[in-house]
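Peer 1: Numbering of the sequence shown is given in this note's numbering, commencing with residue 831 and proceeding in unit increments.
Any given hint could be a false lead.
Heads up, simulated DSBU-like pairs for lysine-lysine below, C-alpha to C-alpha not over 30 Å straight-line [said to hold, decoys possible]:
{"#": "1", "residue 1": "Lys877", "residue 2": "Lys934"}
{"#": "2", "residue 1": "Lys887", "residue 2": "Lys844"}
{"#": "3", "residue 1": "Lys880", "residue 2": "Lys844"}
{"#": "4", "residue 1": "Lys934", "residue 2": "Lys844"}
In short, the hints are calculated from the structure, not lab data.
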Amino acid sequence: MRLEEFMNVGSNDKPKVGDKCTMHLWSDANPCQVVRVSASGKTMWIKENKTEHDKTKEGGMGHQNWLIHENEFIGDEMKITKRKNGQWRETGSNCFVALGQWRKYYDWEF
831 MRLEEFMNVG SNDKPKVGDK CTMHLWSDAN PCQVVRVSAS GKTMWIKENK
881 TEHDKTKEGG MGHQNWLIHE NEFIGDEMKI TKRKNGQWRE TGSNCFVALG
931 QWRKYYDWEF
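Hey, can you work out the whole structure from these sequences and the hints?
Peer 2: Next up, the structure:
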């Protein structure tokens, strides 16, 4: 899937508390969940889910086998706003959020 497609996944959906999403920064992707939504539905706050490398699968760290822990979070809430072009972006950063997907990817070479 191209980057532009990732950026627009679920962009027309109104988020709900508990919805799964993925925050993208460059080539990395981090699974998150919506923890609060504004009354207008144009602002949401998300938290990153706890993840760990799945060592039960073959391939080592170069393979992207991750266990994602639902409703277990790390870090602070992040404020995400819907832009005029329909994209969800973190306030004050280059990160974008795709609703409707939930995945972890870590670029070991970046």
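Peer 1: If a hint holds in the structure, say so; if it does not, say that too.
Peer 2: For each hint, the structure was consulted:
1. Lys877 x Lys934: It holds: about 14 Å lies between the C-alpha atoms, which stays within 30 Å.
2. Lys887 x Lys844: 36 Å, violated
3. Lys880 x Lys844: Roughly 24 Å separates the two Cα atoms, so the pair holds.
4. Lys934 x Lys844: Distance ~23 Å between Lys934 and Lys844 Cα, so the pair holds.
Taken one by one, the earlier hints fail for this structure only at number 2.
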